[in-house]
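Work the whole structure out from these sequences, hints included.
These protein sequences, in sequence, are chains L and S.
Under our numbering, the letters of the first sequence match residues 1 to 419, in that order.
Under our numbering, the letters of the second sequence match residues 420 to 838, in that order.
Derived from the structure by calculation, the hints contain no laboratory data.
Hints may contain errors.
Below 27 Å or equal to it, Euclidean Cα-Cα: the simulated DSS-like pairs (lysine-lysine) are [as the list claims (entries may be wrong)]: (1) S/K628 x L/K16; (2) S/K636 x L/K16; (3) S/K636 x L/K353; (4) L/K217 x S/K705; (5) S/K636 x L/K209; (6) S/K657 x S/K435.
Here the structure is a predicted model, which is why all the values come from computation and not from measurement.
Residue-level listing of the chains:
There are 2 protein chains.
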Amino acid sequence: MSELIEYMQQLGQRAKSAARVIANADTGVKNNALNAIADEIETQQAVILAANTLDMKAGAKNGLDAALLDRLELNEERVAAMAEGLRQIVALPDPAGEISQINSRPSGIKVGQMRVPLGVIGIIYESRPNVTADAAALCLKSGNASILRGGSEAKHSNQAIALCISNGLKVAGLPAEIVQVIETTDRNAVGELIRMEGTVDVIIPRGGKGLIERITKEARVPVIKHLHGVCHVYLDDKAEKEMALSIALNAKTQRYGTCNTMETLLVAEAVAAEFLPELAALYEAKNVELRGCEKTCEVLPNCVKAVDADWDEEYLAPILSIRVVDDMEMAMDHIHDHSSGHTESIVTADYAKAMRFLREVDSSSVMVNASTRFADGFEYGLGGEIGISTNKLHARGPVGLVGLTTQKYIVLGDGHIRQ
Amino acid sequence: MSELIEYMQQLGQRAKSAARVIANADTGVKNNALNAIADEIETQQAVILAANTLDMKAGAKNGLDAALLDRLELNEERVAAMAEGLRQIVALPDPAGEISQINSRPSGIKVGQMRVPLGVIGIIYESRPNVTADAAALCLKSGNASILRGGSEAKHSNQAIALCISNGLKVAGLPAEIVQVIETTDRNAVGELIRMEGTVDVIIPRGGKGLIERITKEARVPVIKHLHGVCHVYLDDKAEKEMALSIALNAKTQRYGTCNTMETLLVAEAVAAEFLPELAALYEAKNVELRGCEKTCEVLPNCVKAVDADWDEEYLAPILSIRVVDDMEMAMDHIHDHSSGHTESIVTADYAKAMRFLREVDSSSVMVNASTRFADGFEYGLGGEIGISTNKLHARGPVGLVGLTTQKYIVLGDGHIRQ
Chain L
1 MSELIEYMQQ LGQRAKSAAR VIANADTGVK NNALNAIADE IETQQAVILA
51 ANTLDMKAGA KNGLDAALLD RLELNEERVA AMAEGLRQIV ALPDPAGEIS
101 QINSRPSGIK VGQMRVPLGV IGIIYESRPN VTADAAALCL KSGNASILRG
151 GSEAKHSNQA IALCISNGLK VAGLPAEIVQ VIETTDRNAV GELIRMEGTV
201 DVIIPRGGKG LIERITKEAR VPVIKHLHGV CHVYLDDKAE KEMALSIALN
251 AKTQRYGTCN TMETLLVAEA VAAEFLPELA ALYEAKNVEL RGCEKTCEVL
301 PNCVKAVDAD WDEEYLAPIL SIRVVDDMEM AMDHIHDHSS GHTESIVTAD
351 YAKAMRFLRE VDSSSVMVNA STRFADGFEY GLGGEIGIST NKLHARGPVG
401 LVGLTTQKYI VLGDGHIRQ
Chain S
420 MSELIEYMQQ LGQRAKSAAR VIANADTGVK NNALNAIADE IETQQAVILA
470 ANTLDMKAGA KNGLDAALLD RLELNEERVA AMAEGLRQIV ALPDPAGEIS
520 QINSRPSGIK VGQMRVPLGV IGIIYESRPN VTADAAALCL KSGNASILRG
570 GSEAKHSNQA IALCISNGLK VAGLPAEIVQ VIETTDRNAV GELIRMEGTV
620 DVIIPRGGKG LIERITKEAR VPVIKHLHGV CHVYLDDKAE KEMALSIALN
670 AKTQRYGTCN TMETLLVAEA VAAEFLPELA ALYEAKNVEL RGCEKTCEVL
720 PNCVKAVDAD WDEEYLAPIL SIRVVDDMEM AMDHIHDHSS GHTESIVTAD
770 YAKAMRFLRE VDSSSVMVNA STRFADGFEY GLGGEIGIST NKLHARGPVG
820 LVGLTTQKYI VLGDGHIRQ
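Next up, the structure:
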């Protein structure tokens, strides 16, 4: 254990030194590094795939399920997409160094804010090896050093990608320690990483609820995270029927396993009898299991009766809970009690209700007449995302390059002293 | 203990309900409440002073030192200043509800960000009873519910002020639970408050290093804080002498007990022999004790020799440590190693050096040619401050109304579904 602590502390010290270098690197240098890493990944495709084959074989032997193996698997296309992702980050504007409006104060000093990197970012993730390249690149472009800890099932793949990253950094004349991948598969390394206050500035976990709960509980370093996504769509009595059905269908069925998928549908009582039977037919065609409140089951006699736990469940599957509510007020109360604070949407043609819903619902994304599936960094124009945050402090919603920076005050004087 | 837990949980639930009300109150209603509270404080001046007399007597009996008694004491002027402070907050712009530029995305959705309150804010503070009115008012104006926990030595004063606040809220037609003052003096109440995840959104401690260290260690709720202020001024070899001496003197001696007071002076070797003797005379006239590095002591033979611990000390007293450095590089290294991340200033006439210092020094405020004493919310034009944050996430530097809010994404669609 003390060996592990020493290993992690050295890793942390190297990251801290490297953070000062990358924080002050010009945009051009950072872009050169990203391009060099992309080149390296393309050149080393065969090596990366061979490493991935080792992981896949070990995974199959260890009985990983099909979904996990799919996330773990790399092929020529996926490696090419990784390199392409890096080149897309090159094209994004660099948030670091931006100075916001400088104001003159009565004392004579001029005060503004400068956007600067956070410092050292720890990323903890599970099986997908492409996160290694993606997360490293977003941290690098925003001027941060990163310490990456991937799943042990992807260790060969991650090490092969890590080698491409460090070679790319060297080509651009930057220290390789700007991106470090934890080599040991000792599970205690995560426990150490999340307690390295004063060294690591923020932890971003990407993975299942179990991983994130554990990290939240034990971390001493601030964590940017979302625990789960229990997203709601509320079909108001002033909703246009066609739009309501289209959004309710899309929010549930466009993809089942994503955090911005709707898990509970709320329907105003006045339109329940009109909307629900048609909607149920659309869901049935997609094999979505419906679990309804009492009133829902009156309208849809074949519907499974929902139990209390259904209202807090993130199914990540073709299952949907449905509740009939008196009005928007009751819908917002339900959301207040059961939402995970990720994304909620109202479908309505009523201006005042749309404005109230936007203002009063306290989630990271609040939508009017749009599918919850839009809640991600690419759709919002952030260019990429390192995750979606349901924290209230700092970054909320999809977190792109700006979310990986902070602001400091700058004061420009001319010999000013305080009276 | 279980009684305490129940008491705190009820307090928390009331705060959570009240938070929904105040979050959606119009600016006018919030201003009416602030004015009504100010009126009430003025009307109840005699009652507040009588309560304060009880605290002062108990404090004297319990042997509180003079500085503490001074912070605890209220008089007619201080009560009037409390009311005046509330009216100043009325005049500040309301940050809640601001929508930042809405962008159209290729999918057709429109995406923007809306500024919204954080929710429930816990404030933990020490002897000054005026913090009760001040903190409650900043939270109220920014649309947050607050739970306040003052020092037990100020309990009568705080309760008298709390009564004015709840009466003022009622006059404005708002629930009194928007501002709650913890009534029990049980020390475990703080321990409970800082662990109420899901109820309390952020904790802001205002007090000494001991209090803040304890809270940081035990809190499960995010904490906006600064631990201490070890602020530096670097006198560059390109500094104008007169400006250098004036800023160095002001940063140390304008007030000794504040967090933005300079604690260590760094002087470029090229100007040390020229600047230090004159500066030492100025400090001597103010009875400031100097503790210098070896090179400083060569120039100032009467200077006390600094020990390692001096470079990390927040004296909050007429004591200053001085180190002679080779150049700006070495000054920035010293700051990197010893700064608490609060405020640092360079005095230089060199453009390139000023720009580098601004960019590379990683503190909440970085200054050129100005006294560190300017680092506060009033001087920066925030209108008020609930504290100064050395956190990197969320609010950094002086925290005003905007720091008590967050942003959520809003999406405006017209029936848009994800392809």
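We went through each hint and held it up to the structure:
no.: 1; hint: S/K628 x L/K16; in the structure: holds (25 Å)
no.: 2; hint: S/K636 x L/K16; in the structure: holds (22 Å)
no.: 3; hint: S/K636 x L/K353; in the structure: violated (44 Å)
no.: 4; hint: L/K217 x S/K705; in the structure: violated (50 Å)
no.: 5; hint: S/K636 x L/K209; in the structure: holds (24 Å)
no.: 6; hint: S/K657 x S/K435; in the structure: violated (55 Å)
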